[in-house]
Amino acid sequence: MSRHIIETDVLVVGHGISGLSAAISSKEDAPELNVLTVDKSFVGYAGKANKGGGHVSFIPDGASEQYIEYHTRNLGDYLNDQDMLRKYAENTRKVIDRWESWGVNFVAKEKPFDSHPIIPWKVMLVDGDVMIQMGKHAKKIGVKSMEKITITDLLTNGDRVVGAFGMSLLTGKTYVFKAKSVILANGNQDFSIMRMWASAKGDGIAAAYRAGAKIRNAEFGSFFNIMQVENNQVTYGSEDCLVNSAGENPSTRGDLDESLRTVVGGVDLGSMDSILMYMSVRDGKGPIYENTAENKFPGSFPGRNLMFLGQADPPFARPYSQKFWDKLWNKNKAESYKDDNPLKEVIPGVVAEQSPLYVDHHMRTSLEGLFASGDICANGSSWSGAVPTPPGRNRGSGLIHGVFTGTIAAKSATDYAKNAEFGSISDEQVEILENTLKSPLNVEEGINPRDVIWEIKNLMQPIEYTGYKSEKRLQEALDYVLEQKEKLNLLKADDPHGLSAVNECKSHVLCAEMFFRASLERKESRGWHMREDYKERDDKNYLKWIDISNQNGEMTLSTENVPIDNYKYKPE
Amino acid sequence: MNTIKFDDSKCIGCKKCYRSCWLDVIRWNEEKKRPIAAYPEDCVECNFCEVVCDQNAVDVIIDYNKPFPEPYFAHSTKEERGLK
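Protein chains in written order, with the numbering used here: chain A, 1 to 572; chain B, 1 to 84.
Excised from the complex, chain A in its bound form (with noise of 0.2 angstroms):
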């Protein structure tokens, strides 16, 4: 078969925010390599940095410690692994002055926001066209990027990672990255339940795991945000002003014993909410509805210049943001609403956040050439702990966490590129990965992928799945998840789109595998990790990481215990 080989020192799987950082501090880092990003999107709109609040947080100078011993004890619930903690902590200002100078503008950035009620966390404002502004600064500098593209697995050589083997979106054509190093910025995974923060599909987890790298802390994808079931849609502020038809406020309802009140936290774990809504409804007090007419936050201060719930004060002003959430939040007010009255069901809507991809303090995956950053890999380097991606409800974590990481990937892949030659691929392995890409073209009366991921979704999204857990709920979801699994030989695809699908669709089922059988394995209560059988975190016996690796096709366990006792920050 013919396809296109393409050559490169460093290859970045991803043109998101942290794609392209990474891209950007390659060529930064070594001018002399030749450095690609690949992705589905056209650079400039890839990744979810312009789909959301383009909020940057970050600790300002001196407050370190008082940040990393915060979050130890309230959001990672001692899973953090402290020292990454403490890199990121101590550079978040750093790599915001890098990032400048890519041509990015910040606002506020000479009085940022506080963005947290206990620690000092600011928070400062990027627009939204900010990958466009990257994107330029990328091209001018010398980085060169492949559109259209899905990268749907690694080529290997033993244990070195030697390329990439992916298919343009637009003529089915298949190409060969040959790479010196290659850099995962792909994202993590979202399981696509919600609408606009569906984007990532996880296929660079997948791919990772199919090549051979860990997986550490799958259990903790189950971020979720209060939505507005008439429209879909995220409702800010609506935790303050919900009811039950008890006329009660679920979101403060105080039925949990107290033991496991210890182990959500105060002000920062959303998890709590999402399993007071489910007790709330469980007991015959549903619907919830989000009382609007007393939701405060849209027009207030935060309100219309964080998150665009008015119009902004002018030195807050982002017109590319306003513009674009201007539009969404008017259709859903003008077009969604069945009624007028101020009573509006909410629901828990997970978006998932699992981003298990293993990363040590250099962004190096246990794979030799592998390296990752951004949120595929938030997790797997355990600097957040027991929470997913960003973490809790601090907002504005990802935009700089992709940022930071992105650089320091670059420099770990750069170092390698160096020193390394090209290794050698395998047509045999390139050829096998050709024909199961292909293969569902052939599938005459075959299954449409998105009616499996349909099947995904309908387990990712339930509470008693994912947020409220026992043993013989996440039993009978990996049973479930292993039907599907038995399905992914039928998939069928008309075209290169529907090829991608396919893909997409392997990469959720590998990802809820993933996350059952972890969420299985720890038989505690820790941070966004939730048991009903096990309430009570229990040091003794999980204050580990749990790993995942395939060995032979089987999704192997194991487990590496935290070393607490190296650490500053230990459970009282």
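Since the hints were derived computationally from the structure, they do not count as laboratory data.
Even for Gly, the Cβ is constructed at its ideal location relative to N, Cα and C.
Treat the hints with care, since some could be wrong.
A few chain B residues that face chain A, going by a derived Cβ cut-off under 7 angstroms, partial list only [claimed, not checked]: (1) 20; (2) 71; (3) 73.
The calculated SDA-like cross-link candidates involving lysine to any residue, where the alpha carbons are at most 25 angstroms apart (straight line), are [as the list claims (entries may be wrong)]: (4) 485(A) <-> 12(B); (5) 338(A) <-> 61(B); (6) 15(B) <-> 344(A); (7) 16(B) <-> 133(A); (8) 16(B) <-> 570(A); (9) 323(A) <-> 13(B); (10) 66(B) <-> 42(B); (11) 5(B) <-> 328(A); (12) 327(A) <-> 39(B); (13) 15(B) <-> 320(A); (14) 66(B) <-> 52(A); (15) 338(A) <-> 1(B); (16) 338(A) <-> 67(B); (17) 323(A) <-> 12(B); (18) 485(A) <-> 75(B); (19) 16(B) <-> 28(B); (20) 144(A) <-> 15(B); (21) 344(A) <-> 64(B); (22) 438(A) <-> 41(B); (23) 148(A) <-> 39(B); (24) 32(B) <-> 171(A); (25) 438(A) <-> 24(B); (26) 5(B) <-> 173(A); (27) 173(A) <-> 68(B); (28) 136(A) <-> 23(B); (29) 327(A) <-> 37(B); (30) 285(A) <-> 12(B); (31) 148(A) <-> 16(B); (32) 485(A) <-> 41(B); (33) 148(A) <-> 42(B); (34) 33(B) <-> 498(A); (35) 66(B) <-> 343(A); (36) 540(A) <-> 556(A); (37) 148(A) <-> 57(B).
Once you have looked at the hints, place chain B on chain A.
Using the frame of chain A, we list chain B on its own:
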């Protein structure tokens, strides 16, 4: 599913809508130099295509009745799980 309408008379062929669509919903007809809503079933109503169009030639009509999974409860039967 969502519907994406393009007003070809207003469109100037700048490709911004095509480039902004990160889910490959919109394709480009090189012959006519106009966008095509090729895979509307994958549209997640980010509205980017509409927002970036300087000519107001794009209209994303959102289907607010798309199915959403059961939010709270585990399904105990296959029939329940298969419901759409």
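For each hint, the structure was consulted:
1. 20: holds (5 angstroms)
2. 71: holds (4 angstroms)
3. 73: holds (5 angstroms)
4. 485(A) <-> 12(B): Roughly 46 angstroms separates the two Cα atoms, so the pair is violated.
5. 338(A) <-> 61(B): holds (16 angstroms)
6. 15(B) <-> 344(A): Not OK: residue 15(B) and residue 344(A) at ~38 angstroms, beyond 25 angstroms, violated.
7. 16(B) <-> 133(A): Holds, at about 16 angstroms.
8. 16(B) <-> 570(A): Not OK: residue 16(B) and residue 570(A) at ~52 angstroms, beyond 25 angstroms, violated.
9. 323(A) <-> 13(B): holds (22 angstroms)
10. 66(B) <-> 42(B): Roughly 12 angstroms between the alpha carbons, so the hint for residue 66(B) and residue 42(B) holds.
11. 5(B) <-> 328(A): holds (17 angstroms)
12. 327(A) <-> 39(B): The given pair, whose Cα atoms are some 22 angstroms apart, holds under the 25 angstroms limit.
13. 15(B) <-> 320(A): Cα-Cα ~18 angstroms, so holds.
14. 66(B) <-> 52(A): holds (22 angstroms)
15. 338(A) <-> 1(B): holds (18 angstroms)
16. 338(A) <-> 67(B): holds (17 angstroms)
17. 323(A) <-> 12(B): Holds, at roughly 21 angstroms.
18. 485(A) <-> 75(B): Judged against 25 angstroms, a Cα distance of about 18 angstroms means the pair holds.
19. 16(B) <-> 28(B): Holds: residue 16(B) and residue 28(B) sit about 10 angstroms apart, inside 25 angstroms.
20. 144(A) <-> 15(B): holds (20 angstroms)
21. 344(A) <-> 64(B): Holds, because 14 angstroms separates the two Cα atoms, which is no more than 25 angstroms.
22. 438(A) <-> 41(B): Roughly 22 angstroms separates the two Cα atoms, so the pair holds.
23. 148(A) <-> 39(B): Holds, at roughly 14 angstroms.
24. 32(B) <-> 171(A): holds (18 angstroms)
25. 438(A) <-> 24(B): The given pair, whose Cα atoms are some 19 angstroms apart, holds under the 25 angstroms limit.
26. 5(B) <-> 173(A): Distance of about 29 angstroms is beyond 25 angstroms: violated.
27. 173(A) <-> 68(B): With Cα atoms ~35 angstroms apart, residue 173(A) and residue 68(B) exceed 25 angstroms; violated.
28. 136(A) <-> 23(B): Holds: residue 136(A) and residue 23(B) sit about 21 angstroms apart, inside 25 angstroms.
29. 327(A) <-> 37(B): Distance ~20 angstroms between residue 327(A) and residue 37(B) Cα, so the pair holds.
30. 285(A) <-> 12(B): At roughly 54 angstroms apart (the allowed maximum being 25 angstroms), residue 12(B) and residue 285(A) break the hint.
31. 148(A) <-> 16(B): holds (15 angstroms)
32. 485(A) <-> 41(B): holds (23 angstroms)
33. 148(A) <-> 42(B): holds (16 angstroms)
34. 33(B) <-> 498(A): With a Cα-Cα distance of about 24 angstroms, the restraint between residue 33(B) and residue 498(A) holds, given a limit of 25 angstroms.
35. 66(B) <-> 343(A): With a Cα-Cα distance of about 21 angstroms, the restraint between residue 66(B) and residue 343(A) holds, given a limit of 25 angstroms.
36. 540(A) <-> 556(A): holds (23 angstroms)
37. 148(A) <-> 57(B): holds (24 angstroms)
Taken one by one, the earlier hints fail for this structure at numbers 4, 6, 8, 26, 27, 30, listed in ascending order.
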